[in-house]
Amino acid sequence: MTATVALIRDTFREAFARKIFWGLFGLSTVMILFFLFLLKIDIVEGAMATVSLFGRTSNRANDLEKLVRGVYGGIAAYLYVWGMVIAVFASSGLIPSVLEPGRIELLLSKPVSRMHILLGRYVGNVLVISCNVIYLVLGVWLIFGFKTGIWEARFLISIATTIFIFAVLLTVVVLVGVVFESAALATMIAVALMIMSAILAQTSTMLKLLSSEWSRNIWRTLYYTFPKIYDMGRMTLDAISDRAFIGYMPIWSSAIFGAVMLGAALIIFARRDF
Amino acid sequence: MESDYAIDTTGLTKVFHTRWTRQEVRAVDGISLGVRRGTTYGFLGPNGAGKTTFVKMLLSAVHPTAGSAHIFGKPAGLPEARRPIGYLPENHRFPTYFTGAGMLDFYAALSGLAAADRKRRIPELLDRVGLDRWGGVRVGKYSKGMLQRLGLAQALMHSPTLLILDEPSDGVDPVGRRHIREILGALEEQGVTIFINSHLLVEVEMFCKEVAILDRGKVALSGRVRELTAGKGYRLSAAQVPERLYDELKQRAAAAAVQDGLSDFHFATREQVNEAVDLLRAEKCEIESVIPTTSTLEELFVKTVQK
Chain A
1 MTATVALIRD TFREAFARKI FWGLFGLSTV MILFFLFLLK IDIVEGAMAT
51 VSLFGRTSNR ANDLEKLVRG VYGGIAAYLY VWGMVIAVFA SSGLIPSVLE
101 PGRIELLLSK PVSRMHILLG RYVGNVLVIS CNVIYLVLGV WLIFGFKTGI
151 WEARFLISIA TTIFIFAVLL TVVVLVGVVF ESAALATMIA VALMIMSAIL
201 AQTSTMLKLL SSEWSRNIWR TLYYTFPKIY DMGRMTLDAI SDRAFIGYMP
251 IWSSAIFGAV MLGAALIIFA RRDF
Chain B
275 MESDYAIDTT GLTKVFHTRW TRQEVRAVDG ISLGVRRGTT YGFLGPNGAG
325 KTTFVKMLLS AVHPTAGSAH IFGKPAGLPE ARRPIGYLPE NHRFPTYFTG
375 AGMLDFYAAL SGLAAADRKR RIPELLDRVG LDRWGGVRVG KYSKGMLQRL
425 GLAQALMHSP TLLILDEPSD GVDPVGRRHI REILGALEEQ GVTIFINSHL
475 LVEVEMFCKE VAILDRGKVA LSGRVRELTA GKGYRLSAAQ VPERLYDELK
525 QRAAAAAVQD GLSDFHFATR EQVNEAVDLL RAEKCEIESV IPTTSTLEEL
575 FVKTVQK
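First to last, the protein sequences are chains A and B.
With the numbering used here applied, the first sequence corresponds to residues 1 to 274, in that order.
With the numbering used here applied, the second sequence corresponds to residues 275 to 581, in that order.
Just chain B, with the same shape it has in the complex:
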């Protein structure tokens, strides 16, 4: 039966054990996530949040301790479930004995693409990622950005309907990033589901329609990017804020942080920020600035993972 979801997980959990003490580490803790067909989905989280482990479970490189994962309705553990997936891993290590074209040929053959189709697709894809003159050159000679683009071409060789990209623009220069965004944009128009695991919040915000923020193995926040970042607000910076007052204002604020001796608060309404100013001035705190802001994914991210 056709599923409405490209990715569908229920209570997906992965527990690792430390080697000697057998201490439990819950890398992924009961994640239930639905990624609709044709959407662009950003998967965010601080280092060690469990993003890569989650992705590896989708690809069956890591076996779940509990829960289940389905790709287009098929259990992720089945090789057949991986047929529609194009994957670009983080920190990939392509064998250096391949030429660019040879590498595309090998991985496309593993995806089941026939020799004639591979022969046709290789120059097409190399051209698409801007490596048309590099197909005959050994991968060992490629720069980091070129390897990333080649990796993207590899992921696209068999015309996947689900693209899972782990840090796709890692090491790519700004022009290359724009190029990658254009390629992904075109794929989105074709109805390809794109799942991006990235640290580059601005990119995710620009490109993804939906997002999930992972923290300590759990989904801390998820939803449509437009809705999550819709609220306008005010950023208030103040110096010499007593701890008691800081805690009180943190409760009222949408986000709070201490940086370089300044306490930063983000308030959703003008009334809230005025009240905060009154309280701070009553305690003789120095107001550094009050700036109107629109909520960004970055602020949302910081707020979510600092909770």
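In isolation and in its complexed conformation, chain A is listed as follows:
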């Protein structure tokens, strides 16, 4: 336990030192402040008279709820696309840095298994990003809650889905980091997966357009193999907007993908000479 805590703390320390943590924290704070000052609410005798957001004004409760949900959806989408790219970019250096000659030998000389070292780093990295995601989502949720009186708990689902998808993408970063020791390559591959996910998610349309059965099979294989980043994002939006749920397949298939990537990274790391 002592070693696990030490490895996680070390990841945080490095994230602080590389300004990764503070950079993400700063971006989240800017976003929270943005909503704090952007959302204008006029209260007349204890009731909300008008709400103004992005230049649009509403004075009806139904409209207001719709507006707030829309904003929550927008933030969730922002987190999904840009937040994820920033998080992957920020985290990609944390794995190769441990493998630097002169540093890894000393780590390996300690009575800690290689699996323990890599998992400690991975968990530490997920926690660094989790802290920022929780801070941002919770901050925005509290501001909207206090200002509008609408406490839409479903928005908090985006904490879980964002962290989950980041944890899946991080397994790719870990694998690429262990094999190639390149932060840049790890970022490129993770972002490429995000882009691919959006394309592969158009499965129903593409299956109609593809002429041969084998090409349709290839498409299906790719779709089911790769993580469903896009689908998970859509699920989050559906949940926030109280729309129909598309099922658990994107969750478990992404989890399997992450487990396979992490397993491969652990096996390669255990076998490597340093």
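Just so you know, the hints here were simulated from the structure itself, not pulled from any lab data.
Relax, there's no trap hidden among the hints.
Computed spacing ranges between beta-carbons, pair by pair: (1) 354/B <-> 81/A: 44 to 50 angstroms; (2) 397/B <-> 224/A: 55 to 61 angstroms; (3) 354/B <-> 180/A: 29 to 35 angstroms; (4) 296/B <-> 264/A: 20 to 26 angstroms; (5) 267/A <-> 535/B: 57 to 63 angstroms; (6) 393/B <-> 263/A: 36 to 42 angstroms.
In this text the structure is predicted, and so the values were computed from the model without any measurement.
Glycine is no exception: its CB is placed at the ideal position from the N, C-alpha and C atoms.
Since the structure of chain A is already known, use the hints to place chain B on it.
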């Protein structure tokens, strides 16, 4: 079962392959070595002899191709076997975001030391290596010698019973070296096994009781330093020595080398050196000097790796 040996290897081998041609490189070639508990052991060899690869196999940073290694009787591959080891790597790169105290705390935690023990040991160790005022300063501000001393403190944090030091006094000034020797001397008295991988032969000779000289992945010579360096002899330097005579004298000498146009020979006895002088003079070679010597580890080293 308790083993008499701190380090015990049998036929330890590591073969690397070049990337494209898959050519075989035998970095360590069947080393069988026993380092007794409580001894001070010097591990010597020219660059590329396989010393660091051997050490990395003891620490499981490199996986052996063949053979086995045990630390206090436990297979070196097990994390538990590394618990009694304190290690100072060569060319270490400590993360610069650590303070000196923070670094000691982190590595000691990985060694399983409890928080209370770490808190007590950190100022103790910093004081012991002469860095008591530097504990709160970031490692990035440390000089090479200070980093080396901090690295030694890191290796000692969990009171190891086997200390593996790769070039421990690299970059350390003479006063610092003496200080390190004093620390190691005190540890030796406490029964700690010390395994030093070093190029500084004089230091190894001064400090180590036993030594192994590695050459091209194999142990070329090993034994007690006192016994290996016991013999007195004579160093003979001569100029214009014909190749045939040089080869003949090399066969008779304990060591031979050509330097700056002079042929140097080391003979074990007075009779041998007199015979050599006779042969050289018969060939009209110029005798530059004949000096009585005691055999040093350096001479032994040169002789061993030049064979």
